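S.K.: One-letter residues, chain by chain:
2 protein chains.
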Amino acid sequence: MTYPKQDTAPGTGPTMNGETHMSEGTAPAAGEAASVADEAARERLLYLRGSIDNLDAALVHLLAERFKCTQQVGELKARHSLPPADPAREAAQIERLRRLAEDAKLDPAFAEKFLNFIIGEVVRHHRAIADRTHEEATAEAAGPAAG
Amino acid sequence: MTYPKQDTAPGTGPTMNGETHMSEGTAPAAGEAASVADEAARERLLYLRGSIDNLDAALVHLLAERFKCTQQVGELKARHSLPPADPAREAAQIERLRRLAEDAKLDPAFAEKFLNFIIGEVVRHHRAIADRTHEEATAEAAGPAAG
Numbered sequence: 154m155t156y157p158k159q160d161t162a163p164g165t166g167p168t169m170n171g172e173t174h175m176s177e178g179t180a181p182a183a184g185e186a187a188s189v190a191d192e193a194a195r196e197r198l199l200y201l202r203g204s205i206d207n208l209d210a211a212l213v214h215l216l217a218e219r220f221k222c223t224q225q226v227g228e229l230k231a232r233h234s235l236p237p238a239d240p241a242r243e244a245a246q247i248e249r250l251r252r253l254a255e256d257a258k259l260d261p262a263f264a265e266k267f268l269n270f271i272i273g274e275v276v277r278h279h280r281a282i283a284d285r286t287h288e289e290a291t292a293e294a295a296g297p298a299a300g
Numbered sequence: 154m155t156y157p158k159q160d161t162a163p164g165t166g167p168t169m170n171g172e173t174h175m176s177e178g179t180a181p182a183a184g185e186a187a188s189v190a191d192e193a194a195r196e197r198l199l200y201l202r203g204s205i206d207n208l209d210a211a212l213v214h215l216l217a218e219r220f221k222c223t224q225q226v227g228e229l230k231a232r233h234s235l236p237p238a239d240p241a242r243e244a245a246q247i248e249r250l251r252r253l254a255e256d257a258k259l260d261p262a263f264a265e266k267f268l269n270f271i272i273g274e275v276v277r278h279h280r281a282i283a284d285r286t287h288e289e290a291t292a293e294a295a296g297p298a299a300g
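In order, the protein sequence lines correspond to chains X and D. Numbered by the working numbering, the letters in the first sequence go through residues 154 to 300 in order. Numbered by the working numbering, the letters in the second sequence go through residues 154 to 300 in order.
Some hints could be false.
Stated by the list, open to error - A few chain D residues that face chain X, going by a derived Cβ cut-off under 8 Å, partial list only:
1. F220
2. K258
3. L259
Simulated from the structure, these hints should not be mistaken for laboratory data. In this text the structure is predicted, and so the values were computed from the model without any measurement. C-beta atoms are modelled at their ideal positions from N, C-alpha and C, and glycine is treated no differently.
Hey, can you work out the whole structure from these sequences and the hints?
M.R.: Written out as structure tokens, the structure reads:
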């Protein structure tokens with residue numbers, strides 16, 4: 154699956170200090186010019202990886218917060234004997250995220266895959282919570298000695 | 154791609170309008186108290202889902218930004234004939250994200266699975282870019298008529 158991606162002006166990436174040195178449009182006549190281009194490419198790669206690392210840190214922290222919410226949902230559902238999964242809610246979430254992804258120029262199919270990946274994990278958590286809650290309820294019903 | 158869907162306990166799903174009518178865990182005597190508790194639970198569920206939706210919107214936008222970065226990395230790698238995947242970089246990313254996840258009280262194993270999920274998508278994109286770049290280079294080498 155390919156998605157129409159953002160086009161960058163070819164060979165014009167800024168280096169770490171903000172200068173642009175790339176010269177892709179020129180003929181690779183000299184080996185020296187090629188090695189300068191390689192050095193600039195390496196700097197540009199490090200620069201982009203720095204941004205990716207920053208975004209990943211933000212993603213991990215948001216995911217941690219999201220699981221705090223779904224953990225509470227799981228406990229709520231277990232206490233009220235609600236089913237761990239909710240297909241109608243999931244369908245609405247997928248529809249919404251696909252729309253948001255389109256606006257953000259993210260492949261909507263990927264956004265859907267991403268949400269399914271997260272939901273799969275959440276439902277596993279909810280099942281575990283439901284099992285624990287059921288065990289605790291059973292132990293409680295067995296009498297005070299068990300509690 | 155279809156994702157293994159959550160199976161709901163038969164006949165216990167919430168209705169489309171979000172109401173829940175289950176009373177499995179409650180003693181039949183206290184029907185009214187149970188319905189007040191159910192109402193409070195339903196409100197709490199909607200509250201938590203609001204937070205989850207906000208976090209998901211943030212996640213989608215960060216992912217869009219991340220793919221803009223990796224798109225540029227992909228083009229850089231294709232121009233300089235670097236391999237799409239980089240196992241040493243990936244190992245360092247996983248190690249770092251696991252540490253960040255631990256600090257944020259997110260399951261490090263999940264953080265690793267998440268990164269692998271994203272990287273899998275990115276590498277697919279990079280291969281597509283590399284293929285396109287190779288095709289373009291071949292077309293260019295064929296003469297100005299192709300360009």
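S.K.: Each hint should be assessed against the structure and marked as holding or not.
M.R.: The hints, checked one at a time:
Nearest Cβ of chain X to the Cβ of F220/D: about 6 Å, under the 8 Å cut. The hint holds. Look at K258/D: its Cβ gets to within about 6 Å of chain X, closer than 8 Å, so that hint holds up. Because the closest C-beta pair between L259/D and chain X is about 4 Å apart, less than 8 Å, the hint holds.
In terms of the numbered hints stated before, the structure departs from none.
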